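Residue numbers (the working numbering), protein chains in the order written: chain E, 1 to 331; chain P, 1 to 331.
None of these hints come from the bench; they were simulated from the model.
Treat the numbers as computed from the prediction; the structure is a model and nothing was measured.
Even glycine gets a Cβ: it sits at the ideal position worked out from N, Cα and C.
Keep in mind that the hints are not guaranteed to be accurate.
Chain P side only, calculated, beta carbon under 7 Å to chain E, not exhaustive [as the list claims (entries may be wrong)]:
#1 Y189
#2 F224
#3 A225
#4 Y312
#5 A318
There are 2 protein chains.
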Amino acid sequence: MSELRKDFVIDRWVIIAAERSDRPHDIAPATQPDPTEPCPFCAGHEAMTPPEVFAYRDRSTAPNMPGWRIRVVPNKYPALASAAGFSHRADSMYEFMDGVGVHEVIIETPRHCPNMAELSDRQFEDVLRAYRQRMVDVQKDPRWQSILIYKNQGSAAGATLEHVHSQLLAMPMVPREVAEELRAAKAHYTAKRKCLYCGIIESERADRRRIVAEDDAFIVFCPFAPRFPFETWLLPKRHSPFFHTVTEDELRQFAGLLRQSLRRLDSAAAAPFNYVIHSGPLKESDHEHFHWRLEILPRISKIAGFELSSGYYINTVAPEAAARNLRDALP
Amino acid sequence: MSELRKDFVIDRWVIIAAERSDRPHDIAPATQPDPTEPCPFCAGHEAMTPPEVFAYRDRSTAPNMPGWRIRVVPNKYPALASAAGFSHRADSMYEFMDGVGVHEVIIETPRHCPNMAELSDRQFEDVLRAYRQRMVDVQKDPRWQSILIYKNQGSAAGATLEHVHSQLLAMPMVPREVAEELRAAKAHYTAKRKCLYCGIIESERADRRRIVAEDDAFIVFCPFAPRFPFETWLLPKRHSPFFHTVTEDELRQFAGLLRQSLRRLDSAAAAPFNYVIHSGPLKESDHEHFHWRLEILPRISKIAGFELSSGYYINTVAPEAAARNLRDALP
Numbered sequence: 001m002s003e004l005r006k007d008f009v010i011d012r013w014v015i016i017a018a019e020r021s022d023r024p025h026d027i028a029p030a031t032q033p034d035p036t037e038p039c040p041f042c043a044g045h046e047a048m049t050p051p052e053v054f055a056y057r058d059r060s061t062a063p064n065m066p067g068w069r070i071r072v073v074p075n076k077y078p079a080l081a082s083a084a085g086f087s088h089r090a091d092s093m094y095e096f097m098d099g100v101g102v103h104e105v106i107i108e109t110p111r112h113c114p115n116m117a118e119l120s121d122r123q124f125e126d127v128l129r130a131y132r133q134r135m136v137d138v139q140k141d142p143r144w145q146s147i148l149i150y151k152n153q154g155s156a157a158g159a160t161l162e163h164v165h166s167q168l169l170a171m172p173m174v175p176r177e178v179a180e181e182l183r184a185a186k187a188h189y190t191a192k193r194k195c196l197y198c199g200i201i202e203s204e205r206a207d208r209r210r211i212v213a214e215d216d217a218f219i220v221f222c223p224f225a226p227r228f229p230f231e232t233w234l235l236p237k238r239h240s241p242f243f244h245t246v247t248e249d250e251l252r253q254f255a256g257l258l259r260q261s262l263r264r265l266d267s268a269a270a271a272p273f274n275y276v277i278h279s280g281p282l283k284e285s286d287h288e289h290f291h292w293r294l295e296i297l298p299r300i301s302k303i304a305g306f307e308l309s310s311g312y313y314i315n316t317v318a319p320e321a322a323a324r325n326l327r328d329a330l331p
Numbered sequence: 001m002s003e004l005r006k007d008f009v010i011d012r013w014v015i016i017a018a019e020r021s022d023r024p025h026d027i028a029p030a031t032q033p034d035p036t037e038p039c040p041f042c043a044g045h046e047a048m049t050p051p052e053v054f055a056y057r058d059r060s061t062a063p064n065m066p067g068w069r070i071r072v073v074p075n076k077y078p079a080l081a082s083a084a085g086f087s088h089r090a091d092s093m094y095e096f097m098d099g100v101g102v103h104e105v106i107i108e109t110p111r112h113c114p115n116m117a118e119l120s121d122r123q124f125e126d127v128l129r130a131y132r133q134r135m136v137d138v139q140k141d142p143r144w145q146s147i148l149i150y151k152n153q154g155s156a157a158g159a160t161l162e163h164v165h166s167q168l169l170a171m172p173m174v175p176r177e178v179a180e181e182l183r184a185a186k187a188h189y190t191a192k193r194k195c196l197y198c199g200i201i202e203s204e205r206a207d208r209r210r211i212v213a214e215d216d217a218f219i220v221f222c223p224f225a226p227r228f229p230f231e232t233w234l235l236p237k238r239h240s241p242f243f244h245t246v247t248e249d250e251l252r253q254f255a256g257l258l259r260q261s262l263r264r265l266d267s268a269a270a271a272p273f274n275y276v277i278h279s280g281p282l283k284e285s286d287h288e289h290f291h292w293r294l295e296i297l298p299r300i301s302k303i304a305g306f307e308l309s310s311g312y313y314i315n316t317v318a319p320e321a322a323a324r325n326l327r328d329a330l331p
């Protein structure tokens with residue numbers, strides 16, 4: 001079982017995947033597959049993963065058999081496990097708890113494909129529907145304060161299997177990045193009586209230089225201070241703290257814009273990337289100030305000593321130029 | 001000239017290296033050298049870098065000619081520049097300023113060498129003396145609030161030239177990671193009337209499981225919640241907020257332990273790595289709570305979607321096992 005440990009001073013928890021820690025000479029991450037094995041995410045290899053917890057599949061087919069379009073399975077090497085206890089121990093310097101949580105993998109297509117941009121609109125819709133459904137189900141467990149959904153595509157972005165997939169991770173705390181954002185968004189709301197992100201949408205629409213695309217429900221733009229070249233954010237125009245409350249109409253529009261955004265990136269700067277959904281903390285009673293979004297984070301530049309010691313970033317492509325290129329990338 | 005831009009909500013500044021932003025299809029970082037060119041850091045190629053600002057060299061030799069052991073030059077592609085203005089503009093959502101600061105490169109040997117662990121004790125001492133000297137000089141400019149010193153070794157750690165070198169970056173603000181640490185350390189000091197890091201040293205020495213090495217002036221250990229496999233911290237036993245106040249005796253001991261630590265890492269898990277010196281903010285009036293240190297951050301695992309969206313880390317090697325391996329790595 002893994003263990004959650006908190007840094008001595010800052011609000012930074014580390015998940016120590018303990019099962020490998022007695023074999024420390026084996027420095028490969030626990031999730032590294034044997035490259036000579038067949039792909040565990042391809043149709044026909046269902047037995048290579050833990051049993052599915054959810055799938056979109058043909059009516060006549062049985063679970064854990066071919067016939068699926070999307071398949072959700074527990075992570076075979078979970079960073080956090082639901083069955084773990086919930087003991088929390090702390091003194092003035094050392095704080096830790098059992099690695100309790102949920103860690104699932106969303107397999108996005110039954111056919112081997114390393115590039116999500118090649119999936120169809122229909123497949124994008126299915127992926128987003130699966131996210132929504134799993135978030136709705138997982139958030140029923142009152143132990144979780146936060147659900148992260150993220151994708152690693154390409155080895156430099158941390159993917160260990162190339163078959164397109166994403167991950168869901170539910171945690172018993174609000175992670176540092178979300179907590180800080182929440183704090184700042186609350187302060188803004190208290191001062192202005194208005195959601196910060198609704199204000200950003202207004203002001204980016206007035207400026208236009210950083211906008212990549214938009215429709216009546218969503219805006220796609222390069223943020224003012226992007227960490228990475230071609231970093232792109234997708235925000236809903238309707239104020240809503242939670243991704244999992246998107247309507248069916250919104251979901252279809254969002255699927256179209258997400259697919260288009262990944263195809264733009266693929267054409268402008270084919271690169272490994274992460275995307276992450278920032279959705280509101282589940283236990284917050286007040287939801288006026290948090291506004292969900294999806295961030296696409298291309299991994300063209302490296303995270304180096306400067307970034308690790310400062311928490312700041314160096315980016316060689318201004319967002320105004322990145323947006324211009326992404327706009328031009330698809331006619 | 002580059003530009004500093006602040007994120008909409010959190011205290012995260014991004015340096016936009018603007019000179020490349022009009023060529024956004026050229027996605028290579030601005031620091032990427034042409035691989036067909038000779039190494040600009042080797043003796044004999046002094047003209048390939050900007051003129052040196054400091055060097056340890058034979059008495060009979062002229063600046064910017066061979067005969068040096070350590071050479072410090074301005075970064076040819078500076079993220080921040082000292083000549084920039086100091087205008088700071090902000091409204092409720094967009095905050096930015098000119099990219100003002102200092103960005104230097106410390107070239108650690110005249111002979112081409114890609115692995116710092118292969119340098120001699122004497123060379124390590126010279127490198128650390130050069131850090132100290134440049135910090136003493138650079139901090140005289142009252143514009144800088146913080147000086148970072150860091151090393152990127154290996155492409156996965158962000159190095160663009162393999163010849164061993166490190167970087168100094170002075171900034172007009174206290175970076176996020178340092179500010180948060182300072183806040184927490186202050187709170188601890190106020191509650192306990194004792195430096196947090198002095199307490200960590202005591203408690204790690206009592207526990208012993210995470211200690212790699214120590215002498216009378218320094219302790220080397222794997223921290224309780226390490227972000228990376230084999231992450232190692234070097235802390236001075238004497239309470240001191242600033243690296244640049246080390247004495248000559250301490251510097252020699254520190255050089256020996258740093259060299260030994262990198263050789264241990266090289267032997268246990270040869271890997272790209274960063275090291276970073278956390279030294280106190282220059283403008284703090286109260287120095288009871290900050291305690292300088294050097295962190296070695298091996299880049300065995302990737303920073304992926306989980307880390308970028310949460311600010312947390314997954315580490316597959318427990319620090320107790322890492323310390324055991326590092327201890328055993330050098331007899």
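For this session: Report holds or violated for the interface hint on P/Y189, using the least CB-CB distance to chain E and a cut-off of 7 Å.
Result: violated (11 Å)
Exercise. Holds or violated: is there a CB of chain E closer than 7 Å to the CB of P/F224?
Worked result: holds (6 Å)
For this session: Using Cβ atoms only, decide whether P/A225 comes closer than 7 Å to chain E, and label the hint accordingly.
Result: holds (4 Å)
For this session: So, P/A318 near chain E? Judge it on the closest CB pair being under 7 Å.
Result: It holds, given that the least Cβ distance between P/A318 and chain E is near 4 Å, below 7 Å.
Problem set entry | Interface hint for P/Y312, Cβ within 7 Å of any Cβ on chain E | holds (5 Å)
In the structure shown, a violation is registered for the earlier hint numbered 1 alone.
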